[in-house]
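Trainee: Given chain A's structure and the hints, the job is docking chain B onto it.
So the sequence lines, in the order shown, correspond to chains A and B.
Each residue of the first sequence is one higher than the last, beginning at 0 in numbering that gives the first Met the number 0.
Each residue of the second sequence is one higher than the last, beginning at 0 in numbering that gives the first Met the number 0.
Simulated from the structure, these hints should not be mistaken for laboratory data.
Cβ coordinates follow ideal geometry from the N, Cα and C atoms, glycine included.
Treat the hints with care, since some could be wrong.
As the list claims (entries may be wrong) - Covered, in the sense of this in silico footprint (three residues per stretch, anywhere, with C-beta under 8 Å from a C-beta of chain B), are these stretches of chain A: (1) 79-88; (2) 108-120; (3) 141-153; (4) 276-289; (5) 401-408.
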Amino acid sequence: MAIPKVCGIETEYGINVPGGDGNPITASSLLVNAYATEAERRTDWDFEDETPANDARGFTKEGALAPIVETHLANTVLTNGARYYVDHAHPEYSSPECADPLTLVLYDKAGEEVLRRSMRAAAHLYPGTPPVVVYKNNSDGKGNSYGCHENYLVDRAVPFAKVAAAVIPHFVTRQIYTGSGKVGAETPKLDKAGVTFQISQRAEFFEEVIGLETTLKRPIVNTRDEPHADPRRFRRLHVIVGDANLSEVATFLKIGTTALVLAMVEDDVASPRDLTPVDPVRALHEVSTDLTLRRPITMADGSTATALAVQWELYTTARKYADHHGLSVLGGDEVGERVLGRWEAVLHGLEQDPSTLADQLDWVAKRRVVEAYRDRHGCEWGDSRLSALDLQYHDLRPERSLYIRLGMERLVDDAAVAAAVTTPPADTRAWFRGQCLARWPEAVVTANWDSLVFDLGTDPLRRVPMMDPLRGTAAHTAALLEASATPAELLERLSA
Amino acid sequence: MPVAGEIRQWRARGDEAMPERELKRKSAPARTESEVVEDTPATSERGEKIKAELDDLMDEIDEVLEDNAEEFVRNYVQKGGQ
Numbered sequence: 000m001a002i003p004k005v006c007g008i009e010t011e012y013g014i015n016v017p018g019g020d021g022n023p024i025t026a027s028s029l030l031v032n033a034y035a036t037e038a039e040r041r042t043d044w045d046f047e048d049e050t051p052a053n054d055a056r057g058f059t060k061e062g063a064l065a066p067i068v069e070t071h072l073a074n075t076v077l078t079n080g081a082r083y084y085v086d087h088a089h090p091e092y093s094s095p096e097c098a099d100p101l102t103l104v105l106y107d108k109a110g111e112e113v114l115r116r117s118m119r120a121a122a123h124l125y126p127g128t129p130p131v132v133v134y135k136n137n138s139d140g141k142g143n144s145y146g147c148h149e150n151y152l153v154d155r156a157v158p159f160a161k162v163a164a165a166v167i168p169h170f171v172t173r174q175i176y177t178g179s180g181k182v183g184a185e186t187p188k189l190d191k192a193g194v195t196f197q198i199s200q201r202a203e204f205f206e207e208v209i210g211l212e213t214t215l216k217r218p219i220v221n222t223r224d225e226p227h228a229d230p231r232r233f234r235r236l237h238v239i240v241g242d243a244n245l246s247e248v249a250t251f252l253k254i255g256t257t258a259l260v261l262a263m264v265e266d267d268v269a270s271p272r273d274l275t276p277v278d279p280v281r282a283l284h285e286v287s288t289d290l291t292l293r294r295p296i297t298m299a300d301g302s303t304a305t306a307l308a309v310q311w312e313l314y315t316t317a318r319k320y321a322d323h324h325g326l327s328v329l330g331g332d333e334v335g336e337r338v339l340g341r342w343e344a345v346l347h348g349l350e351q352d353p354s355t356l357a358d359q360l361d362w363v364a365k366r367r368v369v370e371a372y373r374d375r376h377g378c379e380w381g382d383s384r385l386s387a388l389d390l391q392y393h394d395l396r397p398e399r400s401l402y403i404r405l406g407m408e409r410l411v412d413d414a415a416v417a418a419a420v421t422t423p424p425a426d427t428r429a430w431f432r433g434q435c436l437a438r439w440p441e442a443v444v445t446a447n448w449d450s451l452v453f454d455l456g457t458d459p460l461r462r463v464p465m466m467d468p469l470r471g472t473a474a475h476t477a478a479l480l481e482a483s484a485t486p487a488e489l490l491e492r493l494s495a
Numbered sequence: 000m001p002v003a004g005e006i007r008q009w010r011a012r013g014d015e016a017m018p019e020r021e022l023k024r025k026s027a028p029a030r031t032e033s034e035v036v037e038d039t040p041a042t043s044e045r046g047e048k049i050k051a052e053l054d055d056l057m058d059e060i061d062e063v064l065e066d067n068a069e070e071f072v073r074n075y076v077q078k079g080g081q
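For reference, chain A alone in the conformation it holds in the complex:
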């Protein structure tokens, strides 16, 4: 029996500090600290009428030099249950655990809002220092990549090799709707001169099929085994092959289709034919660079199929799976049917004319803008204005973001996103984590994915394990939290 596909997304954001000292760790820490400081002091985030003032902790004065950033502080857990910190010289937002793909879209968008507020908080707290600009993308166009990782709860009883075999065909081909698009190529693996535009930001950075690495020789299937939950019952499949999406439709499909593929493995449902490419890494690169969506992939059994055909096969199998097993593991039949319906519609669109999806998919939207700009200005490929357009698609500043300017289809609204910046999802353990942090910030000394540690000031520290991502929900703990006036009362009730 498949288990619920609790899921999350971790995004490493790109940062740029025009006129700055070029230290990305300092800039990243500045964002995280500024957010933590301002979030502590205010809830409205309206800086319009504010006089720039010194930070409460005395970091800086107007016109002062760049603040000395307390890097040890640049690691926080938010009241929405997310983690926000500095990783590998990038600010990283790890969403709270979500029970369905649509809720995860909401919390992924809340992450963008956290980064936007961080930019404003930093500008407000450190006036006179060069502003930090944040980009939600995966590469600098010069051979450096940073990730957007997905996580899925998987039944430990299913052998990992079986999971890996099932996801490889999906990971090689899903980029036709999850790709964020990129002008040109930047690694020796691709013929740089021959590639003008590709579907995926990340594909060309992958060199292995399966492995533990995440920063070099990146594998299509990552074997990191760190469940952040009861290791006897659960795995956390850590997926590093995806692009960071701004498109809500792309994120929704990326998570929803992958969750479905994983549920099918757990229920032992497979497509009738083996869809494993003979050379998955090469196929990953070829799919990314085939804008016609017509190039066949050679399979291990010698047959061929296009990425679209593989996706149709996976979709058809998933459709049958849903009819037999239902979609409760995706967070309910309603959201599950939405995944299937959109999956089908997008595959139809890609088959007929990808440009009809310009308001839904990142790579299609970006390609349209780049092509339109080329037509209007007669630029050659290689013109830096096209690369600038590419970068600015991902700029999070509303006044600069091409993605926002394009007005693409939304699945969640701004009011819901604003609420999700501070409120945890109700249906996973993120609820308990976020609520405890919001109610008793002084008492929670440590928050991890699978535990909270309380300091009541009297006893030894008290650890509350949260080894099941689906316990600690609002349904389980809202009454308990309401009834507890103090953390001591909460712990007393929990141990009763």
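Mentor: Chain B alone, transformed into the frame defined by chain A:
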């Protein structure tokens, strides 16, 4: 410390209201093969709309684009991450 946590918490206000989350629900387009094969009026209308918007964007894009594209692109250098 009996427990060494990797995440330090930060202190947030505890008095925020908990607004109802509200997801905008749109029903998924339940298309059938025959509907999509033809270029339906809805599709071409949408195509026209997208094209008109793109033209508008092209008219305004210089305001949005970074002033010196070459320098901007050259200076956008990231340390590799995961």
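Trainee: Which hint numbers doesn't this structure obey?
Mentor: Checked against the structure, the hints that fail are numbers 2, 4, while the rest are satisfied.
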